[in-house]
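Engineer: Below, each chain spelled out in residue letters.
Protein chains: 2
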Amino acid sequence: MLEADYVTTDPDVLEAYRSDQARFGRAGQPLALARPRETREVVRILEYAHEHRIPVVPQGARTGLSGGAAAVDGAILLSLERMDRILDVDEVDHTATVQPGVVNAVLSKAVADKGLFYPPDPGSWESSTIGGNVATNAGGLCCVKYGVTSDFVRELEVVLADGRVLRTGRHTAKGVAGYDLVRLFTGSEGTLGVITEVTVALRPAAEKPLTALAFFATPVEACRTVTAYLSTGRRPSVLEFMDRATVDAVSAYRDLGFPDDVGAVLIAQSDRGPAAPDDLDAFARAARECGATEVLVASDPAEGDLLIEARRLVGVAVAQLGDQLIDDVCVPRSRLAELIDGIVAIGREHGVAVPCCGHAGDGNLHPTVVFDAADPESVRRGQAAFDAIMALGLRLGGTITGEHGVGTLKRAWLETELGEVGLSVHQAVKQAFDPRGILNPGKVIARPSC
Amino acid sequence: MLEADYVTTDPDVLEAYRSDQARFGRAGQPLALARPRETREVVRILEYAHEHRIPVVPQGARTGLSGGAAAVDGAILLSLERMDRILDVDEVDHTATVQPGVVNAVLSKAVADKGLFYPPDPGSWESSTIGGNVATNAGGLCCVKYGVTSDFVRELEVVLADGRVLRTGRHTAKGVAGYDLVRLFTGSEGTLGVITEVTVALRPAAEKPLTALAFFATPVEACRTVTAYLSTGRRPSVLEFMDRATVDAVSAYRDLGFPDDVGAVLIAQSDRGPAAPDDLDAFARAARECGATEVLVASDPAEGDLLIEARRLVGVAVAQLGDQLIDDVCVPRSRLAELIDGIVAIGREHGVAVPCCGHAGDGNLHPTVVFDAADPESVRRGQAAFDAIMALGLRLGGTITGEHGVGTLKRAWLETELGEVGLSVHQAVKQAFDPRGILNPGKVIARPSC
Numbered sequence: 001m002l003e004a005d006y007v008t009t010d011p012d013v014l015e016a017y018r019s020d021q022a023r024f025g026r027a028g029q030p031l032a033l034a035r036p037r038e039t040r041e042v043v044r045i046l047e048y049a050h051e052h053r054i055p056v057v058p059q060g061a062r063t064g065l066s067g068g069a070a071a072v073d074g075a076i077l078l079s080l081e082r083m084d085r086i087l088d089v090d091e092v093d094h095t096a097t098v099q100p101g102v103v104n105a106v107l108s109k110a111v112a113d114k115g116l117f118y119p120p121d122p123g124s125w126e127s128s129t130i131g132g133n134v135a136t137n138a139g140g141l142c143c144v145k146y147g148v149t150s151d152f153v154r155e156l157e158v159v160l161a162d163g164r165v166l167r168t169g170r171h172t173a174k175g176v177a178g179y180d181l182v183r184l185f186t187g188s189e190g191t192l193g194v195i196t197e198v199t200v201a202l203r204p205a206a207e208k209p210l211t212a213l214a215f216f217a218t219p220v221e222a223c224r225t226v227t228a229y230l231s232t233g234r235r236p237s238v239l240e241f242m243d244r245a246t247v248d249a250v251s252a253y254r255d256l257g258f259p260d261d262v263g264a265v266l267i268a269q270s271d272r273g274p275a276a277p278d279d280l281d282a283f284a285r286a287a288r289e290c291g292a293t294e295v296l297v298a299s300d301p302a303e304g305d306l307l308i309e310a311r312r313l314v315g316v317a318v319a320q321l322g323d324q325l326i327d328d329v330c331v332p333r334s335r336l337a338e339l340i341d342g343i344v345a346i347g348r349e350h351g352v353a354v355p356c357c358g359h360a361g362d363g364n365l366h367p368t369v370v371f372d373a374a375d376p377e378s379v380r381r382g383q384a385a386f387d388a389i390m391a392l393g394l395r396l397g398g399t400i401t402g403e404h405g406v407g408t409l410k411r412a413w414l415e416t417e418l419g420e421v422g423l424s425v426h427q428a429v430k431q432a433f434d435p436r437g438i439l440n441p442g443k444v445i446a447r448p449s450c
Numbered sequence: 001m002l003e004a005d006y007v008t009t010d011p012d013v014l015e016a017y018r019s020d021q022a023r024f025g026r027a028g029q030p031l032a033l034a035r036p037r038e039t040r041e042v043v044r045i046l047e048y049a050h051e052h053r054i055p056v057v058p059q060g061a062r063t064g065l066s067g068g069a070a071a072v073d074g075a076i077l078l079s080l081e082r083m084d085r086i087l088d089v090d091e092v093d094h095t096a097t098v099q100p101g102v103v104n105a106v107l108s109k110a111v112a113d114k115g116l117f118y119p120p121d122p123g124s125w126e127s128s129t130i131g132g133n134v135a136t137n138a139g140g141l142c143c144v145k146y147g148v149t150s151d152f153v154r155e156l157e158v159v160l161a162d163g164r165v166l167r168t169g170r171h172t173a174k175g176v177a178g179y180d181l182v183r184l185f186t187g188s189e190g191t192l193g194v195i196t197e198v199t200v201a202l203r204p205a206a207e208k209p210l211t212a213l214a215f216f217a218t219p220v221e222a223c224r225t226v227t228a229y230l231s232t233g234r235r236p237s238v239l240e241f242m243d244r245a246t247v248d249a250v251s252a253y254r255d256l257g258f259p260d261d262v263g264a265v266l267i268a269q270s271d272r273g274p275a276a277p278d279d280l281d282a283f284a285r286a287a288r289e290c291g292a293t294e295v296l297v298a299s300d301p302a303e304g305d306l307l308i309e310a311r312r313l314v315g316v317a318v319a320q321l322g323d324q325l326i327d328d329v330c331v332p333r334s335r336l337a338e339l340i341d342g343i344v345a346i347g348r349e350h351g352v353a354v355p356c357c358g359h360a361g362d363g364n365l366h367p368t369v370v371f372d373a374a375d376p377e378s379v380r381r382g383q384a385a386f387d388a389i390m391a392l393g394l395r396l397g398g399t400i401t402g403e404h405g406v407g408t409l410k411r412a413w414l415e416t417e418l419g420e421v422g423l424s425v426h427q428a429v430k431q432a433f434d435p436r437g438i439l440n441p442g443k444v445i446a447r448p449s450c
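So the protein sequences, as listed, match chains L and Z.
Counted the way the UniProt record's numbering counts, the first sequence spans residues 1 to 450.
Counted the way the UniProt record's numbering counts, the second sequence spans residues 1 to 450.
Incorrect hints may have been included.
For identical chains, the list gives no copy identity; a pair is met inside one copy or between any two copies.
[Claimed, not checked] In silico DSS-like links for lysine-lysine, alpha-carbon gap of 27 Å or less: (1) 114 with 145; (2) 114 with 208; (3) 145 with 109; (4) 208 with 145; (5) 109 with 208.
If you're looking for bench data, these hints aren't it; they were derived computationally from the structure.
Note that this is a predicted model, so its numbers are computed, not measured.
Hey, can you work out the whole structure from these sequences and the hints?
Structural biologist: Below, the structure is given as structure tokens:
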């Protein structure tokens, strides 16, 4: 094995790095864990792995939900967590250059101190890393206004499968010189190269958001509100949905004084400072016109914090219900109501609870299948419901994953989504970047059957 | 040759389709021109070309400035101009699905009639096609606020080199299922596949813009204004720069009553309706604080039309000066003043006029080398100035092309920008998509030397 002070084969340490946050799907037995501090150490690992045809599994903070960072048998786990330096924050060009192991929250704080703003805010932002965010093209609550991680990535340093170092993209706001390899690496889940440096675009700091909350008798009125509000041309900085089961779970966990019999909730925010009250008035108007039973508009950011508490509590409240499998489907906005109704029906059919919340403004929901991991029959029913939700998403013109990625969890479904030609093009791209198949093998697309 | 009613070998017709708008670089002698009306005809052409190893040059409206659509010897010119149907405009999901030959202005008008807005607005928008815009990842004036073409492309149908039909991307606002092939095709200048259908995102219609104009003694103050204004977090819908030589050319063409001795001009627009006057006040304040000699703010859109007339006249005014070679470099905003000063010095050194205007908010300028095509010495000096500008752009941390593309004009410079590893990855990608090298060979990257 590669001898270096950043490589360990200690079984206890390996065990700790073996998995990410995915349910189902078995993590393999790794050979070693490498925690390099510099690009040239990553180069050495890749050269060694390439020469000896050893699989390499790049890892960030292992907060992923799809198994993308889980070990495969005989692999070197390549954790980028020690490459955690912020190399530059440019206050004129509004860019930051970081090593991949910088935690999202650390970068966000560092740039906020300079009056700047890094928008991508995945749920895991307090622990997940920029490298992991780029590798999975992470989303978050503010995508509806600001876009996803890939909308902010300008330049990458990537160590290729054979150890060569590629710099790609550019520091400038625009550029069309050559193929867009930055976007190709972004979201490729470690299957095409190992990201060792990232330059992201920043924005001037936004104002503290104001918040509004609207209650509806059924999801249909909430979905109609989403469409009506976005057609005004206003871009909320947050536009979240919670269904009845989610609201019930939150209310059971903490009494927030919600009205009885809430069929659906929308939470909207605007961070446009002096224009925010007007934005939220427009939201309230749209909600009432679409049949909201009640609308609350916070008069200041602190009151808004109270209103958005329900959304913040979803994770912990739903966790009280049992074991969870968090799904992630995205459909065109016009099909959102059908998706929500369909999820309720799927839960009923398979006898599992599926509370559902998510980024309504983007059509991206997170139905959470609740099951009992100790009961094989419950696991089976949970998995069946999970599959049924993905099939429904595709049937509605959507995608099997809006922001969580494919990993191993959704690999079979990806083949369905891509179709035969799409899959074969994916395989050709993978082959071009990683002819020996050492980079995160079996993730996103299956290993070649040969 | 392929027998079909959409294929012609008439020499006069071929001659008319042989070139795009690029200067320098020789267009080849094509074998035939195909003008299919449907995807299955494109499939037939590609199958034939693939089998017989015949080069295929995809063409939109041939308004490109880099030779990307120019014929290569022995090629089938594949014009998509007859595939010009708007297939769908979705007023709820804010998308449009079009064939590639739809002219940008036609789409813009069609969606405007429904209260929607397709932002990408390359200079050629009244004649260039959506397929061509996607193939070159076209920019325009409004990029500074809305982004470039690739920010709007959601889904593509692409006929691959061997005639297989790939659908890639998705209708949804978000999605991370598989590699981002949409972005890989976008801007690949017809070298990876032939785009036969495009779904773009739309936005609700913006308000009519208000306009402000600021005059400066030198470019430095103008560049400082750009930085200061963008740091306020406001996003102008237009932020254009014109240097002294451009203003002089415009004034010589038409007296707009500009003050004497203008060293630089900035034009800003805001389309935020009721917030626009406030935006322009902030711009005026930033300009004055940075040393503007005069600032004019239009009080209504009609007055704004007068103020922006200077920018509209640049093309025709500069054309009076002689033959033109329009360059396109993009640098980080912080280096804009150095770029502008450097361009003046290059013009002086090589004895050619280089009026310079462009999209200052993105750091993307179009220095236009003026020369006499009938005088070989003038041509030589023009080319040398052109090269020197690209070298300068790279030296300032920029790119050789912000929005016009590589084609054949900048192929050698692309190698410099990409570097050895970058070039080899580009070649591997090209090889994966087009192993026989029939798709627009010699464009963007050189043909393999074998």
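Engineer: All hints, please: hold or fail.
Structural biologist: Against the structure, the hints:
1. 114 with 145: both (22 Å within a copy, 22 Å between copies)
2. 114 with 208: Within one copy, since 16 Å is at most 27 Å while 34 Å is not.
3. 145 with 109: Close inside one copy (20 Å) and across copies (25 Å); limit 27 Å.
4. 208 with 145: Intra 15 Å, inter 22 Å, cutoff 27 Å: intra and inter.
5. 109 with 208: within (15 Å within a copy, 37 Å between copies)
Violated hints are absent here; each numbered hint is respected by the structure.
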